[in-house]
Amino acid sequence: MDRKTARGNRLGLLLTGLALTALGLFTLLRGFRLLPQSIAPAGEPLAGGPVRQLFGSQGAWLWWLVALAAIVIALLGLRWLFVQGRSESLGVLKLAAGPGGVTRADPGAIADAVAKDIQSNPDVVSAHVRLVGPSAHPGVRLRLVADEHTRIGELRAHLGDVAFSHARQALTTDHLPAVTRVTLARRSPPRRTVT
Amino acid sequence: MTSAADRAAVHAFRPRRTLPAVLTAALLAVIGTLVAIAVISGALGSPARWIPYKGLLAWASATPWQDPALLVGAAIVTLLGIWLIVLALRPGRPGMVPLHTGDPESIMGMRRRSFARSLAHAAEEVMGIDRAKVTIGDHRADVTAHTRLHDTGELAEEVRQAVTQRLESFDAIGGYAVRVNIRGK
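Chains C and E supply the protein sequences, listed in that same order. Position 55, counted from 1, in the first sequence is what the numbering used here calls 55; the numbers after and before it change by one each time, with no gaps. Position in the second sequence (from 1) plus 195 gives the number in the numbering used here.
Be careful, since some hints might not be right.
[Unchecked claim] To be clear about the criterion: a stretch of chain E counts as covered by chain C if any three or more of its residues have a C-beta under 8 Å from a C-beta of chain C, and this derived list gives those stretches:
hint	region
1	216-227
2	230-242
3	255-267
4	272-280
5	314-323
6	360-367
Derived from the structure by calculation, the hints contain no laboratory data. The structure presented is a predicted model; accordingly, all values stated were derived computationally and were not measured. Beta carbons are placed, not taken as given, at the ideal position from N, Cα and C, and that holds for glycine.
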């Protein structure tokens, strides 16, 4: 999931929260007689005279307005659900474009090469690399499992000076934003086979 | 003072509120669809059979705004709304501990559990400490170390130094204060 979805989630939760709070507070204020009784009496039924009158006189288009609002809410809810699975992953990588044509590369192959580069560090147990973003400004997402006794400073230097540097060269870019998530794990001892 | 790179690192690992977002989105989709079906089918003159129109209308016509059950429901809705607002506005605790990288384009974080376990291992490397547990709070690392030694005079300071040294090697953004609690037999 990208940061755009995270921002969208916060906005959606905020708007839904505000709507629910407004609805709940209005009901509480009216029910506890805190609103002017001449306008909003607490003893009146929910579907009292004014509501029935309104839907009676304006019913033809008011119900369609309610239906439209319900459809909009349902569509917004569905869209919000679908974007949860939105991926930042890069589909096709255009390395260069000129009069002779376009040079394309497989992002998966480059990601695998970067992962191998990272795994060349003996402290790295496993590395999973994904290229993300638009083709013109790619970025790297790295999930790294390192030995629990690893010196994190050396690992940081290996990533910056070797792995990401090679990735920049491969992608022919000077800028390569990278997000690395590190997990420390106990390395299982190598298996020995006695023949 | 925090740099733009540090702020970006902290932002990158903030919780994304996926579970409440999925639940709220699903509820909105279901409620919106049900209301739309109810209203449209009613307006077209062939109301959906599974919607108790008469029952709903009778309830709404007989229930006043001051009805206690309605007010309890309204209080729950208000609390739910406030909870969603708090969830949206509070940054929340990141799942990863952001680390300095020295490169403004590179963001690095360590899983909170790995971070705590590594600090605990540093404490366990101190002579006399049998086992240790570290709890990570907001820029605080609480170390609980167990020992069989009777004389624990210098032990707390030694553990604190070992954990601080490990913390310095991680170079975590924001820094962490170390508190040590030694427990003997």
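Verification of the hints:
1. With 11 residues carrying a beta carbon less than 8 Å from a beta carbon of chain C, the region 216-227 of chain E meets the three-residue requirement, and the given coverage holds.
2. Counting residues of the region 230-242 of chain E whose C-beta lies closer than 8 Å to any C-beta of chain C gives 6; at least three are required, and the coverage claim holds.
3. Given as covered by chain C, the region 255-267 of chain E passes the check, having 10 residues with a CB less than 8 Å from a CB of that chain where 3 are the minimum.
4. For the region 272-280 of chain E, the stated coverage by chain C is satisfied: 9 residues place a CB nearer than 8 Å to a CB of that chain, which reaches the threshold of 3.
5. Using a Cβ-Cβ cut-off of 8 Å, 1 residues of the region 314-323 of chain E lie near chain C, which falls short of the minimum of three, so the contact claim is violated.
6. Figure legend: the region 360-367 of chain E, annotated as covered by chain C; annotation consistent (3 residues with Cβ-Cβ distances under 8 Å, at least 3 required).
The structure does not agree with numbered hint 5 stated previously, though it agrees with all others.
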